[in-house]
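Novice: Residues per chain are reported as follows:
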Amino acid sequence: MTPFERIAEARLGEEVLRARVRNLPVLLAPKPGQVRATGVLGVRFGSCDREFREATGGPVVRVPDGVAHFLEHKLFEGTSVPVFQRYAELGAACNAATSFRTTHYYFTCTEQFETCLEFLLDFVQRPSITPERVEKEKGIIEQEIRMYLDNPSWRVFFNLLGALYERHPVRHPPGGTVESVRSITAEDCLRCHRAFYRPGNLVLVASGDFDPERLLARIEGWVGAQNGAVGEAIPVSEEGEVATREAVDRMAVSRARVLLGFRADRGPGIGEPLLHEELSGGFALESLFGRSSEIHQDLYKRGVIDDSFSASATVESDFAFTVLGGETNEPERFREEILATLERAKREGIRAEDFERVRRRHIGAAVRRFQSSESTAMGHMREALRGLPPFAHVRALEGARREDSEAWLRRSVREGRLAVSILHPS
Amino acid sequence: MASFESLPVGEGVLLHHLPVDRFKSVTCRVVFHLPLNARAAEAALIPPLLRRGTRRHPDLASIGRRLDDLYGAALDGDVSRVGERQILDLAIDIVAPRHLPGRVDVLAEGLAFQRELLLEPRLEGDRFPAEIYEQERENLARVVEGLLDDRIAYATERCLARMCEGEPYENYPYGTPETIRAARNESVVARHRSLLRSAPTEMFVVGPAGRGEVEEAAGALARALGERRVEVPAAPVPPTVRPPRRFSEEMALDQAKLVLGFRVATRPGLAEDPGLTLFATILGGGPFSKLFRKVREERSLAYYASASLERPKGLLLLHAGIDAAKEGAVTELCLAQVEALARGEIDDTELDAARRAIRARLKGLGDSPSGLISYAVERGLLGRVPVPAAEEEAVAAAGRDEVVEAARRVRLDTVFLLRPPGGAA
Chain A
1 MTPFERIAEA RLGEEVLRAR VRNLPVLLAP KPGQVRATGV LGVRFGSCDR
51 EFREATGGPV VRVPDGVAHF LEHKLFEGTS VPVFQRYAEL GAACNAATSF
101 RTTHYYFTCT EQFETCLEFL LDFVQRPSIT PERVEKEKGI IEQEIRMYLD
151 NPSWRVFFNL LGALYERHPV RHPPGGTVES VRSITAEDCL RCHRAFYRPG
201 NLVLVASGDF DPERLLARIE GWVGAQNGAV GEAIPVSEEG EVATREAVDR
251 MAVSRARVLL GFRADRGPGI GEPLLHEELS GGFALESLFG RSSEIHQDLY
301 KRGVIDDSFS ASATVESDFA FTVLGGETNE PERFREEILA TLERAKREGI
351 RAEDFERVRR RHIGAAVRRF QSSESTAMGH MREALRGLPP FAHVRALEGA
401 RREDSEAWLR RSVREGRLAV SILHPS
Chain B
1 MASFESLPVG EGVLLHHLPV DRFKSVTCRV VFHLPLNARA AEAALIPPLL
51 RRGTRRHPDL ASIGRRLDDL YGAALDGDVS RVGERQILDL AIDIVAPRHL
101 PGRVDVLAEG LAFQRELLLE PRLEGDRFPA EIYEQERENL ARVVEGLLDD
151 RIAYATERCL ARMCEGEPYE NYPYGTPETI RAARNESVVA RHRSLLRSAP
201 TEMFVVGPAG RGEVEEAAGA LARALGERRV EVPAAPVPPT VRPPRRFSEE
251 MALDQAKLVL GFRVATRPGL AEDPGLTLFA TILGGGPFSK LFRKVREERS
301 LAYYASASLE RPKGLLLLHA GIDAAKEGAV TELCLAQVEA LARGEIDDTE
351 LDAARRAIRA RLKGLGDSPS GLISYAVERG LLGRVPVPAA EEEAVAAAGR
401 DEVVEAARRV RLDTVFLLRP PGGAA
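One line per chain: the protein sequences are A and B, in this order.
In terms of my numbering, the first sequence has 355 at position 355, counting the first letter as 1, and numbering is strictly consecutive.
In terms of my numbering, the second sequence has 380 at position 380, counting the first letter as 1, and numbering is strictly consecutive.
Rather than coming from a laboratory, the hints here were simulated on the basis of the structure.
All values reported here derive from a predicted model rather than from experimental measurement.
We put the beta carbon where it would ideally sit given N, CA and C, even for glycine.
Hints are not guaranteed to be accurate.
As the list claims (entries may be wrong) - Derived lysine to any residue pairs resembling SDA-like cross-links, with alpha carbons at most 25 Å apart: (1) A:K136 <-> B:D254; (2) B:K326 <-> A:E142; (3) A:K301 <-> B:R65; (4) A:K301 <-> B:R142; (5) A:K138 <-> B:L301; (6) A:K301 <-> B:T240; (7) B:K294 <-> A:K301; (8) A:K138 <-> B:A329; (9) A:K301 <-> B:R56; (10) A:K138 <-> B:D254; (11) A:K301 <-> B:E124.
What the hints assert, rightly or not - Have a look at the derived ranges for each label pair, beta carbon to beta carbon: (12) A:T244 <-> B:P243: 53 to 59 Å; (13) B:G102 <-> A:N23: 38 to 44 Å; (14) B:R343 <-> A:K138: 35 to 41 Å; (15) B:V241 <-> A:S308: 39 to 45 Å; (16) A:T244 <-> B:P238: 32 to 38 Å; (17) A:D298 <-> B:V232: 41 to 47 Å; (18) B:G210 <-> A:A365: 39 to 45 Å; (19) B:R246 <-> A:T244: 44 to 50 Å; (20) B:A252 <-> A:R351: 44 to 50 Å; (21) A:N95 <-> B:P386: 25 to 31 Å; (22) A:R167 <-> B:A390: 54 to 60 Å; (23) B:E178 <-> A:N95: 37 to 43 Å; (24) A:T244 <-> B:P386: 31 to 37 Å.
Unchecked claim - Computed footprint of chain B on chain A, listed as stretches where at least three residues anywhere in the stretch have a Cβ under 8 Å from a Cβ of chain B: (25) 102 to 111; (26) 210 to 223; (27) 284 to 294; (28) 368 to 381.
Chain A on its own, in the form it takes in the complex:
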């Protein structure tokens, strides 16, 4: 039997059994009484990995934008029966998502959990990709890309990233462009799969009402011996001043949308530094702009912002950016007011009571994330892919420090790293 450790978080009433099955990291989160169970397989490979080495030290390979997402679609086609159909036959729902640095495949079911989980491991690791199938998929993905282009939130967001980044592939939507997708070949997909869809680069998480030790024994039977090189992702950094300060676009929307973005010159890597960056940024933004802050109240009352306003810090291993924005009738005033607020906060700091309230809110929110098997499994997967142990996030909350958030503000909110994206009604 594979050795395992049990990691418990008593106050949450949660536990995780952690093991490595022939190089595949496995996390099992039992939830007695839960009706739905979830299995998710995450991969450290996403839309930003368009240049990589197939093996450590090997030459750099370049694939078209959108290949990670394309590969995700192709794996869903399955070998004999489409994956959707197979899960539907099992009464389960499945889906997948491609992000900048990761891709994940998951299902939720209320019965036949082990069959569903075995199938997850099987279809993700056994591609059946032919040139004919690749051509057939292009039409479907093109439709999907066009559908996103009709989405105003999507458009204004990627216009912003396109302004903030000149070189980093994060500037492109994970699906790629209609043109880049047309140039994708079956070999591109297989090449990425060979390099990154390797046990050492995956993480398998399950959550539901099961006996974790028994399940672990079952999983051992499904994971074959696999070796071979794992591809090497190439981190990209983009330093210095933002080249495009403003991206303006028009489409049929009811009101203008504005996003202000700040780019960091590089990412924090993975593990603790990543968590630290994410928490410091999140706490800073919420202390300033959260609904209970006086700043929020003042901006809301004066009509600068409304319920559409949001502020978030995105942090990945090799990039980080902060986005603040919403709908407004006065884009110019919106920009000035938000920037003035940030500058003031840099000078005057964050109020202790605001920070403490954000802490309490986060503690409550962290408990809630363990309500469903889906969000439990997703949370564990996200931490594992980011090089963090189970419960790292919830355990860090009580130790978060205001000084760290203030330091984050000073290093992240910088004039030369700012770009603005505006979407006007046509």
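Using the hints provided, position chain B relative to the given structure of chain A.
Specialist: Chain B only, in chain A's frame:
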């Protein structure tokens, strides 16, 4: 899953309690039943205004601080359309005290705060503070205008409005931008008072909460509501039969959105109607469905193709994202699928997959407090409050005959196309 325990706690006030110990938080949703009509905007303004201030917590920041102090208690207030009723609700979700550091009675405090929000809005005389009122009114008008940013939802709503012209259901539960902007401050206050006095009221509590504390909170709500004269909204009038009509509207978009609206003759006394559930699921309830396979996969005529039921109103909608030039072909192919089902052309794989999908959906509700409550509100419409298990049994017992019977009760009423500029109208 156990059932809701229902208990009248006051005149027209029912408590529905479902204790579930494994949930991490307690959800309490207070629901008011109103008739759906052209005054929908007045009621729709109430939830956002209630969240702007109470006598003791007079502004957004103090409300936000109170929620933060309760470890991020989450408030949710909204209106929705359930059959020909407008449902107004205000919910609070409170993390179970045992999962929090320290010893705080967040549950009792949270439920008391919910009552405060419902019953003691900050008023100036018989009006909401003018500035707040105007702002929320404008915000809501913009939210409704923003519906057109979600092309699929917008096409669906336009189809419903054309289809149900002259029926209460034509009213969008938030009203229109015009009726919202025309709503008077005093009328909204009056509407709030009248719903406290006369709207049938239900309080749903789901999660790790004991009977005692729940009854105490419900009793406190009933006492605070005081003397009431309850008015139950009238039952819907069945629409007249007519030949199908077609409408189209133009919008700057890439992909046309097709919505086919059908009337479904509902069967009184058969709340579960398992045949109808099965029929809609085989038709367009997942990747195994006829619409998905025939329209999307086999003919590549649509990016998405699905079916949905507006069950309390007796409507079935088919949705597809298409190339506008292919409208005729897609419509024909969709109708052919309905006809195939009416002829009983259903293979065992489809039937099994549909049964499984329904079972998974219904069972899965058991993990979602808000899902359980919404299900109970939609299916219950007062009095009898079901949990999904009854429908699960009914669907398991139903088969091909019930599907055929349901397919024959379905009649095309309206074809609606939201199309990009240019091309034929």
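Novice: Would you mind marking each hint as holding or not holding in the structure?
Specialist: Okay, the hints, checked on the actual structure:
Proximity of K136 of chain A to D254 of chain B is assessed by CA-CA distance (about 21 Å); at most 25 Å being required, the pair is judged to hold. Note on K326 of chain B and E142 of chain A: the hinted pairing holds, with a Cα-Cα distance of about 18 Å set against a maximum of 25 Å. For the hint linking K301 of chain A to R65 of chain B, the alpha-carbon distance of about 17 Å falls within 25 Å, and the restraint holds. The suggested pairing of K301 of chain A with R142 of chain B holds, with an alpha-carbon distance near 16 Å, which does not exceed 25 Å.
A threshold of 25 Å between alpha carbons decides the hint, and for K138 of chain A with L301 of chain B the separation of about 14 Å falls inside it, so the pair holds. Simply put, K301 of chain A and T240 of chain B have alpha-carbon atoms about 49 Å apart, too far for the 25 Å limit, and the pair is violated. Note on K294 of chain B and K301 of chain A: the hinted pairing is violated, with a Cα-Cα distance of about 52 Å set against a maximum of 25 Å. This hinted pair checks out: K138 of chain A and A329 of chain B have alpha carbons roughly 22 Å apart, not beyond 25 Å.
Of the pairs offered as hints, the one joining K301 of chain A and R56 of chain B holds, with about 19 Å between alpha carbons and a cut-off of 25 Å not exceeded. Annotation: proposed proximity of K138 of chain A to D254 of chain B holds, straight-line Cα distance about 17 Å (limit 25 Å). Using a Cα cut-off of 25 Å, the hinted pair K301 of chain A and E124 of chain B holds, with the two alpha carbons roughly 17 Å apart. Range check, T244 of chain A to P243 of chain B: Cβ separation about 56 Å, and the 53 to 59 Å hint holds.
In this structure the supplied range 38 to 44 Å holds for G102 of chain B paired with N23 of chain A, their Cβ-Cβ distance being about 43 Å. Between R343 of chain B and K138 of chain A the CB atoms are about 36 Å apart, so this pair conforms to the stated range of 35 to 41 Å. For V241 of chain B paired with S308 of chain A, a C-beta distance near 43 Å keeps the hint of 39 to 45 Å intact. Roughly 59 Å separates the CB atoms of T244 of chain A and P238 of chain B, a value that falls outside the hinted 32 to 38 Å.
Taking 41 to 47 Å as the suggested C-beta distance range, the pair D298 of chain A and V232 of chain B conforms, at roughly 44 Å. The beta-carbon spacing between G210 of chain B and A365 of chain A, approximately 24 Å, falls outside the hinted interval of 39 to 45 Å. A beta carbon spacing of about 46 Å between R246 of chain B and T244 of chain A agrees with the range 44 to 50 Å that was offered as a hint. Judged by the Cβ atoms, the range 44 to 50 Å given for A252 of chain B and R351 of chain A holds: they are separated by roughly 45 Å.
In this structure the supplied range 25 to 31 Å holds for N95 of chain A paired with P386 of chain B, their Cβ-Cβ distance being about 29 Å. The given range of 54 to 60 Å is respected by R167 of chain A and A390 of chain B, whose C-beta atoms sit roughly 59 Å from each other. At roughly 39 Å, the beta-carbon separation of E178 of chain B and N95 of chain A lies within the given 37 to 43 Å, and the hint holds. Distance hint check: the CB atoms of T244 of chain A and P386 of chain B are about 56 Å apart, inconsistent with the given range 31 to 37 Å.
Beta-carbon proximity to chain B at under 8 Å applies to 4 residues in the stretch 102 to 111 of chain A; the threshold of 3 is reached and the given coverage holds. For a cut-off of 8 Å, the count of residues in the stretch 210 to 223 of chain A with a CB near a CB of chain B stands at 0, and the three-residue condition is violated. Chain B is given as covering the stretch 284 to 294 of chain A, and this holds because 5 residues of the stretch bring a CB closer than 8 Å to a CB of that chain, at least three being needed. Under the rule that three or more residues need a Cβ within less than 8 Å of chain B, the assignment of the stretch 368 to 381 of chain A holds, with 5 such residues.
Against the hints set out earlier in the document, violations occur for numbers 6, 7, 16, 18, 24 and 26.
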